[in-house]
Amino acid sequence: MQKQKVLVLGGGVAGMTGALEAAAKGFEVYLVEKAADIGGWAYTYCCKATDKCAKCSACLVPQAKMHVEKNPLITVFCGSELIGVSGQSGSYRAKVNTNEGQVTELEVGAIIVATGFKPLDAARKGEFAYDREKNVITGLELEQAIREKGSLTAAYGEVKSIGFIQCVGSRDLAFGNNYCSKVCCMYASKLAKLIRSELTDAELTIFYMDFQTFGKDFDEFIKSAKEDDKIQFVRGIPAKIFGFPYDRLTVRYANSLTGEAIEDKFDLIVLSAAITPCEDTQKLASMLDVETDEHGFFRVTSLNPVGTKQPGVFIAGACQSPKDIPQSTEQAKAAAGAAVKFLVV
Amino acid sequence: MENNTRIGVFFCNCNGKITEKVDFEPIASEVKKLPKVEYVRESQNLCAHLEGELICKEITKNQLNRIVVVGCASAKEEGFFKEVLNKAGLNSHLLSMVNLREECCAVHEKSAKSAAKALELTKMGIARANNLEEVSFGEIPVNRTVLVIGGGLAGLETALETAARGFKVILIEKEDKLGGRLARVNSIIGVDHNPADLLEEKVKAVTSNPTIDVRTNTKLGDLDGNIGGFTAWFVKDGVETSVEVGAIVAATGVQTIFCPVKYGLGIADNVIGQMKLERLLADGKDFTHKRISIVIGKGTEAFNLPFVIAVKNALLLRKKFNATVNVFYTNIKVGGDNWEKMYTDARGAGVNFFKFEDNIEIVANNGEIIVNYEDPFLKGKMPGVFKVIADYIVIPEELVPAEGTDELAKILRLELGPASFFSVDNAHILPEMTSRDGIYLVGSCQSPCFANEVEISAKTVAEEIFQKLDADQVSTELTQPYVDATKCVVCLTCYRCCPHGAITIEHGEQFKNLYFSAAQMNPLACRRCGICASECPGKAIQLPDYTDDQILVQLEAMEVLP
Amino acid sequence: MSADANFQPKIVVFACENSGWLAAEHAASLGLSYPERVELIKLPCSGKIDVIYFMKALEKSDGTMIMACQQENCKFLKGNVRAAQRVRQTQNLLKEIGIEEDRVGIFYLAANMGHKFVEIVQNFYDKMRELGPNPGKVIK
Amino acid sequence: MIIAERKPIDEILGFLSKHQKVLVLGCGGCVTVCLAGGEKEVGILGSELAMARSKEGRPLEVVQKTIERQCDFEYLEGIRHIVKDVDAILSLACGIGIQTCAEAFPDKIVWPGVNTKFLGVNLNVGVWAERCQACGQCVLDKTGGICPVARCSKSIFNGPCGGSQNGKCEVDPDTDCAWALIHDRLARLGEVDSLREIMAIKDWSFSRDGGPRKLVREDLELESGK
Amino acid sequence: MKAASKLQRMCESGNFVVTGEIGPPKSCNGEIVRHHAKMLKGWCESFNLTDNQTAIVRLSSIAAGKILLEEGLEPNIQIVCRDRNRIAAQSDILGASALGMKNVLCLSGDHQKFGNHPTAKNVFDVDSIQLIQILDGMRKGYFANGEQMKDEPPQLFIGCAANPFADPFEFRVTRLEKKADAGADFCQTQCILDMERFERWMELVRARGLHKRIKILGGITPIKSVKAAKYMKKFVAGMMVSDDLIERLEKAEDVKAEGLQIAIEQIERLKKMEGIAGVHIMAIAWEEKVPEICQRAGLAPRPEV
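Residue numbers (our numbering), protein chains in the order written: chain A, 1 to 345; chain B, 1001 to 1562; chain C, 2001 to 2140; chain D, 3001 to 3226; chain E, 4001 to 4305.
Since the hints were derived computationally from the structure, they do not count as laboratory data. Only a predicted model underlies this, so the values are computations on that prediction, with no experimental measurement involved. All C-beta atoms in this analysis are idealised placements derived from N, C-alpha and C, irrespective of residue type, glycine included. Do not take every clue at face value.
If you only want the chain C side, here are some residues facing chain B, beta carbon under 10 Å, derived [stated by the list, open to error]:
id, residue
1, Asp-2050
2, Ile-2097
3, Tyr-2125
4, Arg-2129
Keeping only pairs whose Cα atoms sit at most 30 Å apart, straight-line, the calculated DSSO-like set for lysine-lysine is [unchecked claim]:
id, chain 1, residue 1, chain 2, residue 2
5, A, Lys-190, C, Lys-2078
6, B, Lys-1468, A, Lys-5
7, A, Lys-5, A, Lys-52
Between the sequences and the hints, there should be enough to build the whole structure, so can you do that?
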């Protein structure tokens, strides 16, 4: 009997891992990616190792991409989009709008949804002047710049003072985002540590609400960031950023201990923009007839963290909730496993 | 074949990308002079399909048995040429790639120097080709039984998931019954089910499954072998029995340490930890209108589990009993899933949250508990010590690996990582993997985790095992290091150096040395790093595709200039 | 330092295929460049490096190095640690016979660090230029 | 096992200064296991010598060979043809192998490449410790399997001496006090009372002190009675 | 059978015994020994003459003993196993005995590593307990090989050392017992700078009734400086210095006076301790203070026996 095929939506970490896992079990996989190339956000991240590996996992993404490209069982459709699904669990007909403008119909048995996330448009937090000041950037932009240019100085020139602002849109009821994006505290401090290894004298400040770091040795990491790297941790999110004086930035924030208003000058401000669901999540959810949660992420069932109310549709990665690379990988492996199990049994 | 090496050299100009920097003619004419080079060809785009067929033909026509591809060396192309070799009936390991594009053309200008480098790189590749060896496939018989250690939620889930993939499962539990901590809690974060019902359901599913063999009061006493062929010795009531298993999952969980002395408190009914609170709640204790202080942080900072549990119970106490709940915290760690919402819900429901840095003092006074603390936010405006009175105090418990974790680690030959939890193999790749293939971790034994994370873990591990042991015979390319028994002095250096525990010392007449023994690398457990080969003092170990000869001839092919 | 201003050292780079090797490819894709007389030999892991490889490389060249994955990021856990050990061992051997121990080194980087690759190679090259030709080269 | 360590290179270069072609001869026995003179070490030393001599401008041709054991004449016999073409042999075997080699090739200079250190155990990769002094008359029956002759700095039989503290020897804080180990082990085995007896004065004549030793077992000799 | 040395007579009389110590010089200048002898004459029953202490070459203990005899003092010859095999040891005993020396103290000897000839070969043919056995045999008329002496056997009062501050603690008592079994008559302990531990040790000694079989002289060393105390605590193996003692010295205005005071208090305490036969005062490089210590501790004048 010919094996059923698996459709993976999204070519980021979760999608690539899901595809590789299903292919490793001998299933043919269609990987549909909206962008021009697979890799997803994580492919653009920089390595954050200083003298030691910072365990950011960014280096694993090119390796995964290489394996997907090499795998003869995986057919990748880049610049493509799912536009309709018919049939039912076990035998779907998926219509895909490919990059050549054609519509292809794919027959698949199971679908893994791994459409990832969208960073919050930082401009929506008007007070941070993201759309007005070129030196206000997002964490993702910083990652990409360091990866491509090799260093912070190569990307942004002489910088003496850098501020990281956490929770830009996360834990923010004004945006309806009653959740923590989970990964920002870690990546911001890893980036700060990386920058410290390059700029020994720069002032580095992280503005935060609560420090959300988890794991066996992450607290040690933060401790060393504070003590060895002299990174300042300021509890409290700034109120406003001004493009002043010339070419620099003034950040107004309250000293959480004394309550007094402070204004400090910075050369570069890095915003940890919230991880939010992709625009088309809702559309996709109704197409596949699966549920989303109150924040607009895909909902999984209570005791099956990759399953949906559709037995043939599985969820993996940041499209379900904010996740780091290992967590996405892990969930993708589980999702692929569940999909394969569904198709075999 | 050794005397009859016939090398074919295929140049790819990569649609001109290479030839715009390096001319092939002088290289080709040099190369042709080299011994054993029987065929040289240049083409526009070697990795095109048609070219593949052409190479196949040329291999057969010229009886070539070593192929050198001079072009680029990206992984994709290597895979393509290996397939071409296979199609031509050659072993795919008889291929030597010369990476002219990335190593020379893309990074140097056209010059005499870069031309010299290109020639040298080509010569190195040809020298390597001269020493290439075939690698065959092997069918390895494996045992498709999975041993699960620990009968808590993680163990039960893993047993069910692996059994569902057609494995025989042996589940051992050191206590007299299954359940672990699940049997002792009132509610589970992120799970709607009542723990008691959930446990009953899971235990029933496990015990009624004919392929799952549950053994309580049983511990793992010793372990031998490698993935697909472990021998495990169980100890039950002092009696040892052995079984053969193919994979092992440690799901031994955590334990909590309740230590009121750390907070200057003694043992009292109203001084409790979160585990005790769970128990009291499950037993239906009435907290109506009680005043309850909950402290979180201080020594438990590393994990978010205790924070989320504290918030969960604070909300529950507030809602169900209309209790006065004051939570003292250093950081609120509620990242992930919907826990932030739970936190805002708790605030909304009237749970009070107070931040403290270091200064907190808890005093028991005639059945009342007084918490004295300094509020860092108010320090500027309202300095001084605040006093909160409560009927109950819930203090943080330390989360440490389950008792016997270190002993188990020794038996499994795994290293323990930070805080003595099981160390995962390169943490950021996959938290379930260990340094040894065939041994996996599920649940809190590698780091305290939530029920839904346990579910994912169990599924991932079941999937991983299924991938590795999908049939009674596993076919694998025998690219693991091989041992020249005549040189092996069985010194154990490799055995001690192998980070993956993949090496065993085997005995038998087939080993033609003084000891009738030699080190052997298990093809399923070995990850082909070659550490053993470079440590071997007798130079008895060679890693296929990277043998000493293959590497040293490349050096020999280089020219020495004074 | 070097007597001969035109001296172009020859350098043998052993590279772990999970980091140094991929970083070299990344450098190429970024359009960076480095001196010609630098040649790479691929290893499956920096742990495969052997003292004898270094020694044989130095019989032929002016300097040699191993490019390993970042510390604590070895796919095989201990490979880069063993590699560092062997670099030390080789350095001791060189010191014993009066050859600059800096002619062998270990450098850590990740697969996506093309810039770092070039920086390492260039710095090492410059250093070898300063040191001058390796006096221990064996010319047969 | 015999534990050895390569000699300082200067010493070796000194030995070889007047030679143009030498055989670096490894041994596949103990010195391979203790990483001092196996095939790998032969390769490394060969390369190091070649480089050192190139540097001096007096090239040295190095022939490399490793045989099963240098302490057996038969194995040495097998390399006679290689030996005849070299100026000298640099043996990386233990003192026994070096001497056997010299005996096998009476017309060839044989240089020692290693210092033979002691009879010991491999505690970990790269760590060895002395365990036996070959005193000829084993007392391990009385000392819980821990040898006071080899492991006590003073080789005393009724220890521990007054310098034993926290289980360590006064001579070197990294060395365990052998008598503390003996005491603890016998205590663990419930045999500590046996230490209340005074151990008798040792007969050192079985040791080296009785002159070079030789063991003849007539029951095993091929032509006994000869 | 036993030698009638003054030390022996004092030990057997039940009086509180006092012994002292003189370190021979690193030269052949016998006047130095003579000088110390004159200074200390009459304050102690007998004086230990160290045998190449800390493995540093010094004037021989037997030669120094001869000078003491000439000055009218009674020597106690130390003999270590480090430098002599059983032949030399027995020969030296015969020689010392011929010169009129009767007290011998048997020691293992400091390892040569600590001395000024660290590359020397050590002997350790026999250990201290075995040496005691040999001496015990000799006074009974037998050589170590069992051969009977043709002439009068030497008269020997045999001593040994005990270190309550080395490990394993409980076994230290067993070792003393072994020494008593081997034939030792008296024992001098390592200097006591941790009285609490010493008392615990004595408890174990008494529990085994050892104090009835062997005369125990507690070692007393007056401390000159805080630095010396700290050095001993940290670097000297088998030595313990209590924190109280260091603290007391640190607080003192006149450290030297306080050191002497502590030594005197210790002697007072030992006097009252059951099973202690006397004290052995080791005033290293501070010999001139021995008279003052004895005076103030009520040890003078020495009774005649």
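Does the interface hint hold: is Tyr-2125(C) within less than 10 Å of chain B, judged Cβ to Cβ?
Status violated, d = 13 Å.
Take a quick look at whether Lys-1468(B) and Lys-5(A) sit within 30 Å of each other, Cα to Cα.
holds, 21 Å
Distance restraint between Lys-190(A) and Lys-2078(C), which requires alpha-carbon spacing of 30 Å or less
holds, 23 Å
Please verify that hint: Asp-2050(C), Cβ, nearest Cβ of chain B, below 10 Å or not.
This hint holds: Asp-2050(C) lies near chain B, its Cβ roughly 4 Å from the closest one there, short of 10 Å.
Please verify that hint: Arg-2129(C), Cβ, nearest Cβ of chain B, below 10 Å or not.
For Arg-2129(C), the interface hint is violated, since the closest Cβ of chain B sits about 14 Å away, which is over 10 Å.
Would the stated hint for Ile-2097(C) survive a check requiring a Cβ distance to chain B of less than 10 Å?
Nearest chain B Cβ about 18 Å off; hint violated.
Measure nothing beyond the straight line between the CA atoms of Lys-5(A) and Lys-52(A); if it is 30 Å or shorter, mark the hint as holding.
violated, 42 Å
Going through the hint list in order, the structure does not satisfy hints 2, 3, 4 and 7.
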